Amino acid sequence: QVQLVESGGGLVEPGGSLRLSCAASGIFFSSYRSGWYRQAPGKQRKWVAFITSAGTTTYLDSVKGRFTIARDNAKNRIDLQMSSLKREDTATYYCNVLTGRDWWGQGTQVTVSS
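FYI, my numbering numbers position 11 of the sequence shown as 32, with every residue one higher than the one before it.
Hints are computed from structural coordinates only; laboratory data are not their basis. For clarity, every value in this text was computed on a predicted model and none was experimentally measured. Take the hints with a grain of salt, since some may be wrong.
[Claimed, not checked] Using C-beta positions, here's what the derived DEER-type ranges look like: (1) Ser135 to Ala75: 20 to 28 Å; (2) Gln22 to Glu109: 33 to 41 Å; (3) Arg122 to Asn94: 31 to 39 Å; (4) Trp68 to Gly47: 16 to 24 Å.
Backbone N, C-alpha and C fix where the C-beta goes; we use that ideal spot for every residue, glycine too.
My request is simple: use the sequences and hints to build the entire structure.
Spelled out as structure tokens, the structure:
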């Protein structure tokens with residue numbers, strides 16, 4: 022059974038930083054494309070960043086230069102380092118792995134507010 026568990030969300034002031042982590046069981050991140058999505062209230066879930074099995078990364082334009090996705094194969098974990106956070110980054114962030122289907126974590130809330 023695949024299980025993804027996110028951690029690291031919270032409340033941060035604009036301009037601040039947070040690091041989200043996603044630990045996996047039942048699947049190896051290194052074998053698939055994985056990444057992060059986010060969903061703000063009243064809006065659709067949207068992809069934020071991906072990392073392929075080969076390590077290639079892709080970012081949503083609005084987070085380029087501010088967010089970094091990384092994979093730790095030894096810990097079977099992916100992280101999303103977020104800096105220069107803006108109010109519009111406020112959302113629930115979800116970890117995702119794409120195999121023959123999408124697997125999702127339960128989500129972690131990120132709130133950017135002063």
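Next item on the list: Note whether the CB distance of Ser135 and Ala75 lies within 20 to 28 Å or breaks it.
Entry: Once the Cβ atoms are compared, 40 Å apart, the range 20 to 28 Å for Ala75 and Ser135 is violated.
Notebook entry, point to check: CB of Trp68 to CB of Gly47, is that within 16 to 24 Å?
Noted result: holds (22 Å)
Next item on the list: Could you check the hint for me, namely that Gln22 and Glu109 are 33 to 41 Å apart, CB to CB?
Entry: Given a distance of about 35 Å, which is inside 33 to 41 Å, the answer is holds.
Next item on the list: Hint says 31 to 39 Å; check whether the CB-CB distance for Arg122 and Asn94 agrees.
Entry: violated (22 Å)
Of the hints listed earlier, those the structure fails to meet are numbers 1, 3, in rising order.
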